[in-house]
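Asker: With the hints in hand, could you dock these two chains into one complex?
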Amino acid sequence: MVNLEGLVDVPHIWFGLIATALFLYVLLDGFDLGVGILFPFAPSDQCRDSMMNSVAPFWDGNETWLVLSGGGLFAAFPLAYAILMPAFYMPVILMLLGLIFRGVAFEFRFKALKSRFIWDYAFHFGSIVAAFMQGMILGAFVQGVHVEGRSFAGHPFDWLNAYSFMTGVALLFGYALLGSSWLIMKTEGITRDWARKCSVYVMGYVALFMVIVSISMPMMNAGVKELWFSVPNVFYLLPVPLVTAGLFILLWRDLHKGAQTRPFFLSIGIFLMGYLGLGISLWPWLVPFAFTFRQAAAVVESQSFLLVGTVLILPVVLAYTGFCYYLFRGKTSNEGYY
Amino acid sequence: MIEHLDPVLLSRIQFAFTLSFHIIFPTFTIGLASWLSVLEWRWLQTGNPVYAETYRMWVKIFAVTFGMGVVSGVVMSFQFGTNWSVFSDRAGNILGPLLGYEVLGAFFLEASFLGIMLFGWNRVSPWIHFASTVIVALGTLISAFWILAANSWMQTPQGFRIGENGLLYPLGWMPIIFSPSFPYRFVHMVTAAYLTTAFFVGGVGALYLRRGLHARQARVMFGMAMIMAIFVAPLQLWFGDEHGLNTLVHQPAKVAAIEGLWETRRGAPLNLFGWPDQNAEKTLYAIEIPNLSSLILTHDWHGEVKGLKAWPKDERPPAPWVFWSFRVMVGLGMLMIFTGLSALVLYLRKRLFDTKWFHAWCVVMAPAGFAAVLAGWFVSEIGRQPYIIYGVMRTADAVSPVTGPPVAISLAAFFLTYSVVFGAGSYYIAKLIRHGPDIEPEVYGSHGVKEPPLITNIVPEEGKRDGQP
Chain A
18 MVNLEGLVDV
28 PHIWFGLIAT
38 ALFLYVLLDG
48 FDLGVGILFP
58 FAPSDQCRDS
68 MMNSVAPFWD
78 GNETWLVLSG
88 GGLFAAFPLA
98 YAILMPAFYM
108 PVILMLLGLI
118 FRGVAFEFRF
128 KALKSRFIWD
138 YAFHFGSIVA
148 AFMQGMILGA
158 FVQGVHVEGR
168 SFAGHPFDWL
178 NAYSFMTGVA
188 LLFGYALLGS
198 SWLIMKTEGI
208 TRDWARKCSV
218 YVMGYVALFM
228 VIVSISMPMM
238 NAGVKELWFS
248 VPNVFYLLPV
258 PLVTAGLFIL
268 LWRDLHKGAQ
278 TRPFFLSIGI
288 FLMGYLGLGI
298 SLWPWLVPFA
308 FTFRQAAAVV
318 ESQSFLLVGT
328 VLILPVVLAY
338 TGFCYYLFRG
348 KTSNEGYY
Chain B
11 MIEHLDPVLL
21 SRIQFAFTLS
31 FHIIFPTFTI
41 GLASWLSVLE
51 WRWLQTGNPV
61 YAETYRMWVK
71 IFAVTFGMGV
81 VSGVVMSFQF
91 GTNWSVFSDR
101 AGNILGPLLG
111 YEVLGAFFLE
121 ASFLGIMLFG
131 WNRVSPWIHF
141 ASTVIVALGT
151 LISAFWILAA
161 NSWMQTPQGF
171 RIGENGLLYP
181 LGWMPIIFSP
191 SFPYRFVHMV
201 TAAYLTTAFF
211 VGGVGALYLR
221 RGLHARQARV
231 MFGMAMIMAI
241 FVAPLQLWFG
251 DEHGLNTLVH
261 QPAKVAAIEG
271 LWETRRGAPL
281 NLFGWPDQNA
291 EKTLYAIEIP
301 NLSSLILTHD
311 WHGEVKGLKA
321 WPKDERPPAP
331 WVFWSFRVMV
341 GLGMLMIFTG
351 LSALVLYLRK
361 RLFDTKWFHA
371 WCVVMAPAGF
381 AAVLAGWFVS
391 EIGRQPYIIY
401 GVMRTADAVS
411 PVTGPPVAIS
421 LAAFFLTYSV
431 VFGAGSYYIA
441 KLIRHGPDIE
451 PEVYGSHGVK
461 EPPLITNIVP
471 EEGKRDGQP
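Protein chains in written order, with the working numbering: chain A, 18 to 355; chain B, 11 to 479.
Next comes chain B alone, as it looks inside the complex (with noise of 0.2 angstroms):
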């Protein structure tokens, strides 16, 4: 049985499983660094210690989130070479700098503002620490950038030619880095990490106004996350339409797969819900509105879109998958449009901060935008199979001369490791939110300094971990 392993599914199964736990803390990172700033921000320019105090809580539970990321994204960078070393040394030349930068950007970022932001607290002026929080939130959006322009260029491929023993060669940076897609999946993936870190913190800031805890700062926690719900959760629905109409350009396929549409047709249907079927070619149990999917990504009722079977069978990617998770993805957005719009019409009746079922609902909600983006690259990575980088090399033929025990052992490893490692992780996270924020007298301007910031003497008090390095 054990010579049958398939190492190229397995590999795919290792990468898909450590890059989706992966991606989780990123996503988080980018959005609450961004906040702490804006936190900051607000405490410094009011002097209201509310600010401080929510700034404090959840710096904590930025540094465990932090610490998860550096830890699994340090995977990462290996596994390119361990499991795809074909692709490695292929794309080599061009995803090369393009990670190298990603890495070196992190590394700044790790090594320098971090230490300040999570220790420096009574250490540095509150302008030098304000300035570090904003360091650290820009640094997250320059990984981000890297990351996404690799991505961008693996799914929307230019700028480059083919060489001696298929190695590929850049041609110029600019069309490589800001390749068709890239523009539109930096806006979207960042918007994603907003509002994902929106709906977590508010869904902490509802669970302690449902409690009648903490009702100060779950006040700035609700209604910040509330804000964001309204303002930017419809304009992500406008980012990801823009996103799908430039993938109905570049990778027509996926977005077939994602229509759940087999044949090319005018005036094409949108399947709602249903199963596409990949041996009978066809979508059953579809619960079809007639011309829409026509309409919405030609904008005209009798449009063509192009179905499943434009491509040969081995040219599709597995359309359940990325029909599902395009499903799961839109569903939430328009859950998250709908606690936008209620919140709205509560805040105008005045019952925002009191209204106990829309507290629930927003408890309920607050996983949502992890379950969106990790469904939404689910569309996106599944969407371009059978290539990994699109219409140049498949995934196939991309995989590392390893045998399949192996990888079959350390995807068990990881999926054991990753278990532990991040369930406890999940666990210190959730004592610090049912900790809640520190309230001690703040004296403006001091920065809460008590003592003298002496490095050898401090003494941490006790359920207070920030201060000391």
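If we strip away everything but chain A, and leave its shape as in the complex, we get (with noise of 0.2 angstroms):
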């Protein structure tokens, strides 16, 4: 059996792959979730239109990065996948019919001719239910998941709280962000000024619950607290919530001088940054906090086995990713990809 084991350390390697692949997940379908966020609220049918189109050639692409996530965290993280998924059962499930509604919305809408409006309607709700599931799925995450043994013990309405709605909220303003700003650098004319006016809009809410989350973790959580307030630690950490204002006041001057490619990538490191946080925030916890991801491994054989194909396909992968977005670069034009 193929074991990696003495060559490098593969439960560290398997974390780092399913952060990166969901953080990608996150990234990718966040600005065409955004998009669906805000389709109703264009000013003109002509306008969704472009909007659409510009995010068509990418979205299914986008989307297999959760399938990856949720599919690498049962191979390689068996332990952590059977706690979290009952322990987020509800919101997990109404996140996937949100995808589906919006997902096959794509395929509908451009064949559709009397129904449209529906699938308009389909895809706009299902983007926001999936990304404001998402949201209250990481608030519940961060507040730690009640384990007994090796199952979760807590009650199938744990997740449901006013902080899991606070990151609800949060996260559709986030995803916003990313939408409106990837719809500047994309689109062109009036579609393009009102992403604009988008942007300005709920950069500032997403800076305000930026703000809020990295205030409460740690006074939710002593260990948390401990993590970024001693000393030494607070002067390694500190360049996190510089770089965050940073990237905020960039974000600000782009958005007034009428910059169109940079605020969709200063959106994106905004968003490396809150990732980033919440990531030292938590380490090593995979369950919080209950099991780290070394206890929830499978067993080293196991992951090995995945690990060379993985390192063989994912590089793949990733380059054709590159090459798609390389292909549909530009502005998008207003005729239909189909």
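FYI, nobody ran anything at the bench for these hints, they're computed from the structure. Every residue gets a Cβ at the ideal spot worked out from N, C-alpha and C, and that includes glycine. Hints are not guaranteed to be accurate.
To be verified - So these bits of chain B aren't anywhere near chain A, every CB distance computed over 12 angstroms:
| no. | residue |
| --- | --- |
| 1 | I104 |
| 2 | E298 |
| 3 | I299 |
| 4 | K319 |
Stated by the list, open to error - If you anchor each label on the Cβ, the simulated ranges turn out as follows:
| no. | chain 1 | residue 1 | chain 2 | residue 2 | range |
| --- | --- | --- | --- | --- | --- |
| 5 | B | P185 | A | K131 | 53 to 59 angstroms |
| 6 | A | K131 | B | Q288 | 48 to 54 angstroms |
| 7 | A | G326 | B | D324 | 55 to 61 angstroms |
| 8 | A | E22 | B | P193 | 28 to 34 angstroms |
| 9 | A | G326 | B | E273 | 35 to 41 angstroms |
| 10 | B | I449 | A | F282 | 55 to 61 angstroms |
| 11 | A | V251 | B | A406 | 24 to 30 angstroms |
| 12 | B | A26 | A | K131 | 32 to 38 angstroms |
| 13 | A | Y218 | B | M184 | 45 to 51 angstroms |
| 14 | A | F340 | B | I449 | 52 to 58 angstroms |
| 15 | B | L426 | A | G221 | 36 to 42 angstroms |
| 16 | A | S132 | B | D448 | 19 to 25 angstroms |
| 17 | B | F348 | A | S132 | 49 to 55 angstroms |
Answerer: Below you can see the structure in the form of structure tokens.
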């Protein structure tokens, strides 16, 4: 049997891989969910068409990162998968249903004529439900999961509280920022002008929610507080909030100057810093605060076996994803892609 | 009342429902991808535009089917955890990598060559496009390989040990991947996918022939489908029989339920029809053919066949479901063989393409493959109950620590969503079929390029969807 134990730290690599896959998912599906969230607020049907076209070549590729995160979690950390999925039963199912509606709306919208408005709403509400549930799962996740033995032992509605509601709303704004800055980059004319206004509007909320989460997490958990505010950690970690603040300032200036490409990458940077902050706070927990990623890892033979294939296939997928974005770079034409 | 909702039963129904829905799409895409490869190969070989026109019609249907397969597949990759978390924890070391490879394979396929296949007709050279189609077809087979390896291991587990906390640990990947039932299941399922597709495509071709529409393309669809019906449908009977004999060795209780046989005896009769009564422990209203069961299963008129009573009551699968699903599957298979034989006779009389009653029959048979695949999976999955991992872990012990009401709600939500979404999907597929193939002047070698392939200014023609991502 394949065993890479002596060569590399297999669980660590898997943790990194899944964290990366999840971040790529948040980023990539984030902007197309954001487009869905903003969809009905666009000034005209023509704007909506170009919004839809700007994400059409990408959305299904984006969504496969979620499958890879979920499947990867089961494969590499079955214990974490077995605890987190029942713990977040309802929001996970609702998220999936939202994604189904949104996904098929893409396909059907282009084929429908009279019933197009139905699929427009399916796209919008599907995106909102999926994004909101992801935010709620995040909020519930950082509060910790009640575990006894090797199972979830909490109440079916543990995930539902004011804090997770807040993080749900926060993620809606976060995705709206990614979506609107994506549209600034990919569209022209009134769609772009409107997207810029959206970006300016939502970025204030994103900043506000990031501050709330940053303050509340150390307050809720002594370990997190110790991690961030003890000397010398506080000096090492100070760049995280400082860089985030810097990115917000740059984004603000760019939006007012009328920059077209950079706002999207600045939004990505803001998401990266937020993700990094959460990752640092929760390290090394995979089921907070019950199992670390090492405790939840599958036996090393199993992790090694799948790692071989992953190392071979993942670079190809990444290269292809990059190629796809390169191929469809620049402004989206108003003509339908389909 | 609400506290009496049983999470095990509800989770089983939910899993069966979502999986039954899901399996329809991969079954179709496995067959369709391979068939599209053959079509494109014929086109490149002969230069006859009819193959390209047929290809471009069906690749649109492939896209819709694939999309629905992906969204219903995402659900599957989460349900092991949401509903069967104890199972996921215990068997994760073994099934995790198998399903992980399936995800990687599907992902690879989804993220790469599918795009070229669907949108690259005007962008890449014909041979690269053909290669993409072939790779997508191979990808669907690779996906099927891993999923069936995982399923077969759950049916006939081997190559593992049980450690602390009841966790299963792998002892070797070859015995796990190639578990005893895997080769049979793989061949049987892939053949089923090909036949299902053939009958559906053939049904559409027959519909066109009946109505006098799209005659050239209809002949391709119908003719190629009938080749499959003539040669592959009888082969499938043989593959299925081999799979059944393999099941008799490893899961004799499943076979006893299939046969509706309660007493262990020599020279067991074949119950053609009847109603296996679980409480009375006998098959009511049985129409028996003496000794035939022994002959089929042991190849001996007086061979011994185990009856359900050989197992305690809590080790027996629900017999009526298994019994009747099996008969539906075999019955449909027989109708397919009959269709093939009729096609052969008509072909030899040179009447294949203008026999109206036969075309009508083939239209009726269009969904037969789907029904047979579902019935077959019902036999396989219900027949291995009460185990989720045969002989190792019971289904009732595998369920998540969730209560009944959330599962009841999610089941209802899935039911509603799938009805709406897949109803709409079927509607659009029906629309594509009604629209039929587009015919345009085809210049061989140019791959249909009528203008420079600039991504930014391709204007789609009315009623045409391919060519643009």
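Asker: Next step is simple, just say for each hint if it's right about the structure.
Answerer: Against the structure, the hints come out as follows:
1. I104: Violated: least Cβ distance 7 angstroms, not greater than 12 angstroms.
2. E298: holds (47 angstroms)
3. I299: Non-interface label on I299/B holds, nearest chain A Cβ at 47 angstroms vs cutoff 12 angstroms.
4. K319: Holds, because the least Cβ-Cβ distance between K319/B and chain A comes to about 37 angstroms, which exceeds 12 angstroms.
5. P185/B <-> K131/A: 53 to 59 angstroms: holds (57 angstroms)
6. K131/A <-> Q288/B: 48 to 54 angstroms: holds (51 angstroms)
7. G326/A <-> D324/B: 55 to 61 angstroms: violated (40 angstroms)
8. E22/A <-> P193/B: 28 to 34 angstroms: holds (32 angstroms)
9. G326/A <-> E273/B: 35 to 41 angstroms: violated (49 angstroms)
10. I449/B <-> F282/A: 55 to 61 angstroms: violated (46 angstroms)
11. V251/A <-> A406/B: 24 to 30 angstroms: violated (52 angstroms)
12. A26/B <-> K131/A: 32 to 38 angstroms: holds (35 angstroms)
13. Y218/A <-> M184/B: 45 to 51 angstroms: Given about 59 angstroms between the Cβ atoms, the range is violated.
14. F340/A <-> I449/B: 52 to 58 angstroms: violated (33 angstroms)
15. L426/B <-> G221/A: 36 to 42 angstroms: Between L426/B and G221/A, where Cβ atoms are some 38 angstroms apart, the hint holds.
16. S132/A <-> D448/B: 19 to 25 angstroms: holds (23 angstroms)
17. F348/B <-> S132/A: 49 to 55 angstroms: With Cβ atoms ~41 angstroms apart, the hint is violated.
Of the numbered hints stated above, those contradicted by the structure are hints 1, 7, 9, 10, 11, 13, 14 and 17, listed in ascending order.
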